[in-house]
Amino acid sequence: MRQSKLFSKTRFESPKDEVSKNADLLIRGGFIFKEMAGVYSLLPLGLRVIKKIENIIREEMNSIGGTEMKTSVLQNKEIWEKTNRWDDAVVDNWFKTKLKNGADVGLSFTNEEAYTNILTQYVSSYKDLPIYAYDFKDIFRNETRSKSGILRGREFYWKALYSFSQNETEHNRFYEKAKVAYEGIFKKVGLGDKTYITFASGGTFSKYSHEFQTLTESGEDIIYIDEAKKIAINKEVLNDEVLNELGARRDTLVEKKAIEVGNIFTLGTRFSDALGLKYKDEKGESKQVFMGCYGIGLTRLMGTIVEIFGKEGEMIWPEEVSPFKIHLISLAGNDSEVEKISDKIYKELTDAGIEVLYDDRDMRVGEKFADADLIGIPLRVVSSKKTMEKNCFEVKDRKKGEISYLSTEEIIKKLK
RNA sequence: CGGAGUGUAGUGUAACGGUAGCAUUAAUGCUUUGGGAGCAUUCGGUCCGGGUUCAAAUCCCGGCACUCCGACCA
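Start counting the first sequence at 1; every next residue gets the next number (our numbering).
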């Protein structure tokens, strides 16, 4: 993409109404636009990052048997009354509205009811199970206080997968697979070494749920890490009994702040009971479907990546989620020869299937480099009179801080 | 929802109750071109509603919005 066609502009100064690093850098880089507290639009660059994350998650979900679909945002009150989650006294962060005919509808704050209800139509035999269905969706939560930029918004984008199994044994097998898939996701988006699988409170059907917590000072959660076991325990469930059970010792635990970037938990039959999701087993006996839930907030994940990799006035995206692979900067000035060469490498890289943000604007170097620092693409390629004379391009690995001089072919090779 | 703070141009900031200024952006021209360049000209603003006053960005009341701390986070 030619940067001259990118309508978003970087900002020299921090917005005065944001304190969190993620919102500061994402707004300054032109990734998001603040609509109101806790509500942000995704600009072209931000959407590209989200799509990258989305594809990473999609691949992992599909690899463990997930089937993608899309549930509606408008929700039917009757369904939620059956699970006792319509009443504001029970769930206080609903956004609710009315149809013209006066009927109440809600905007999805989660998806258990929708999936369970849909599947009552389609599941009748043990042969229909298991089912692993998921969607990417805008979710609405009427938080009393949104905070920390895009980490806790009133409207956000998430992935939720629901597993429907014949029984707990079958459920547990998938649950363990989901854990591995989640680890793969966080590794791929660049958070692997800072993200810990964390024991958290479970609910009716299991002792624990598992959260994926990424260590950072800007986190809201307190967790206790056992570095040797590579696990963590959420402060909310930490007690002697739990320590005993997990074989951990208090004196080896380290207290850390973290952001919950994902969670998986066992739902059991709570929703299938309430909504009548049953199947007939081999003997013709009626059984309740056993459920699990697996969530990741994509917008929160993007914010977390910025918290981890952002510095003052500078961002370096992990390669897998970077909006483009290469930031090509042309320092042509008035030199039409340099411009020709810049256009040429842009075309060659693009033709090779590489995503390039091409800074073809007529601006000074300082400004172009400052923009590149904010936009955060990890690989920067400069085309200038200097590089033209050397018959190559300057390639900077921004993460390592290394500069090399390569031909177009060598750059393509480097990215393959 | 409780507490604290803040609302001035697209952005960031000044102004004792007395001419709304500076920087940046944008526009035009000339110069400049490897880290937010220089000169000149131009455009653009006091959150909303009420009150006090000869006079309100400034004081008072109400509303709205935003930030932070706490509570909450299925």
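There may be inaccurate statements among the hints.
What the hints assert, rightly or not - With a cut-off of at most 25 Å between alpha-carbon atoms, the simulated SDA-like pairs for lysine to any residue come out as follows:
#1 K396 with V365
#2 K177 with F136
#3 K51 with D104
#4 K77 with D92
#5 K70 with V365
#6 K390 with I403
Derived from the structure by calculation, the hints contain no laboratory data.
Against the structure, the hints come out as follows:
The straight-line distance between the Cα atoms of K396 and V365 is roughly 15 Å, inside the 25 Å bound, and the hint therefore holds. The straight-line distance between the Cα atoms of K177 and F136 is roughly 20 Å, inside the 25 Å bound, and the hint therefore holds. Restraint check: the Cα-Cα separation between K51 and D104 comes to about 33 Å, which exceeds 25 Å; the hinted pair is violated. Distance hint between K77 and D92 is fulfilled; the C-alpha atoms sit about 15 Å from each other, no more than 25 Å.
A distance of roughly 45 Å separates the Cα atoms of K70 and V365; the hinted pair therefore is violated under the 25 Å criterion. A distance of roughly 14 Å separates the Cα atoms of K390 and I403; the hinted pair therefore holds under the 25 Å criterion.
The structure is inconsistent with the numbered hints 3 and 5, although it conforms to all the rest.
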